[in-house]
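Please take these sequences and the hints and turn them into a complete structure.
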Amino acid sequence: MTKPLSPSEVARQIGEHIPDAVTDSNESAVYVKGEALFEVARLLKENLDLDYLATITAVDFLEHFELIYHLTSITKNHSVILKTRCEKGEKGEKVPSVVSLWQGADLQERDIFDLMGIAFTGHPNLKRIFLWDGYKGHPLRKDWSKNGAQD
Amino acid sequence: MALKTEPVMINFGPQHPSTHGVFRMRITFDGEVIVDLEPVFGYLHRGIEKLAESKTYTQVIPYTDRLDYLASMSNNFAYVMAVEKLADIEVPERAQYLRVIMAELMRIASHLIAVGAFFNDLGAFFTPFMYMFREREKILDLFEMVCGQRLTYNYMRIGGVSHDIPEEFLPALRRFIDEMPGFIEEYDWLLAENEIVLARTKGVGVLPPEKAINASASGPMLRASGVKWDIRKADPYSVYDRFDFAIPVGTMGDAYDRYWVRIQEITQSTHIVKQAIEQLPVGEIRTKVPTMLRPPKGEAYAHIESPRGELGFYLVSDNSPYPYRFKVRAPSLINLTVLRDLCVGWKLADAIAILGSIDIVLAEVDR
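Sequence lines, in order, name chains A and B.
Numbering-wise, my numbering puts 55 at position 55 of the first sequence, and it's gapless, one number per residue.
Numbering-wise, my numbering puts 1316 at position 316 of the second sequence, and it's gapless, one number per residue.
For the record, the hints were derived by calculation from the structure and aren't laboratory data.
Be aware that one or more of the hints could be misleading.
[Unchecked claim] Pulled a few chain B residues facing chain A out of the computed Cβ check, cut under 8 Å:
#1 G1047
#2 W1229
#3 D1235
#4 Y1301
Built from N, CA and C at the ideal position, the CB exists for glycine as well.
Here it is as structure tokens:
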């Protein structure tokens, strides 16, 4: 059985190396600041052997986006859920890319960029994946409306 | 005198039988050798993740059939598991066993197509394919007995399954399971040591284990690289912890190993089905669940080992009858991350063999 590591314990370990990165932790996930995401991800990959990025999910919570990283260790069979909040508006809507840590993030980040409109800084090839270049809007956002969509 | 060469870009697909659907690759060649490859997606994008947000939890089940249409049962399974986790619903034992039987039969059927189509790509035009279809047909007949459908089953329900098995099902299933080893022997006799197959696939498209893990590859693709990772064993769901089966792994991580692992997995699936028939309990097949199910506020991620890899559903509920967010972790899409790296340095015919060995379903890639 894949053992979920205790988020509070993981949060403590992150805090030892990168102070102020963790904003919260509950019974299922660790919340980190968007700016610190890459450093935290690298730390988790190296110190906790989280070698496998199972999936990245983006959710539109109206006031902000939430990104959820499911990290797994294939060698030790444990897992951590890492979450980060991404603000909306001109200053927000971007988070650091983790492609240089896990190549598996490549197409998943492009997927989120295309359908949710979150930019990943440092992604080597960030462009739309399913919809065509020049398409306006991002369908998975809650404010996207079918009437405003192009043919 | 050295000849001056210039890279040539060739457009491959989207309408091409070897792309297994509508998939396009922009391949750049230097002479005959591939120097760059860019996959182009989206020709089958239907926005299922968005559509699901306007359907009730039960109404989403048929949509999951249309993701990976060669393994609809597995999609149903992963989705209903996610909803059950979200709403904390118990599933009766008998339904759990029926689900496992269907999922394993689905794996056999899906791997048969994968292998058949792979040989089609290698140039063995439709002969191996028809051998594999012969057995797949029997599985489809079994599915037709239980739910009346042959491709999009819509069989699993939140809290159980839609129908109990009819009385002619078990004898037919036993006959199929007894006959299957003979057929696998026949495939091996025809294909496993075939000289052309070996020449075309041995050492082609090698994926080293570290790279496979780093690129989030899953399913037979990961195991062919020698990584012993199967969610049925690593993170057992449903009743998989009650069965005895092995995880076949490859040694080289080449196209041949990906084919070989699939054939071995068919054998292991027949073992699981056999044990499941023996242990099959009597009783209820479905927990009563309200039609307009309103799971409590929260989120859940459930993943299974589908024939193509780790298939996961991430659901967010806001206590309304509709999922607030419905996300699919599509193994076919993520397995394509390494396509470029596998193909560079090989020739066009090898790229087709590599793509065939990855086994993608475009309806799942594009969603």
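Which hint numbers doesn't this structure obey?
none
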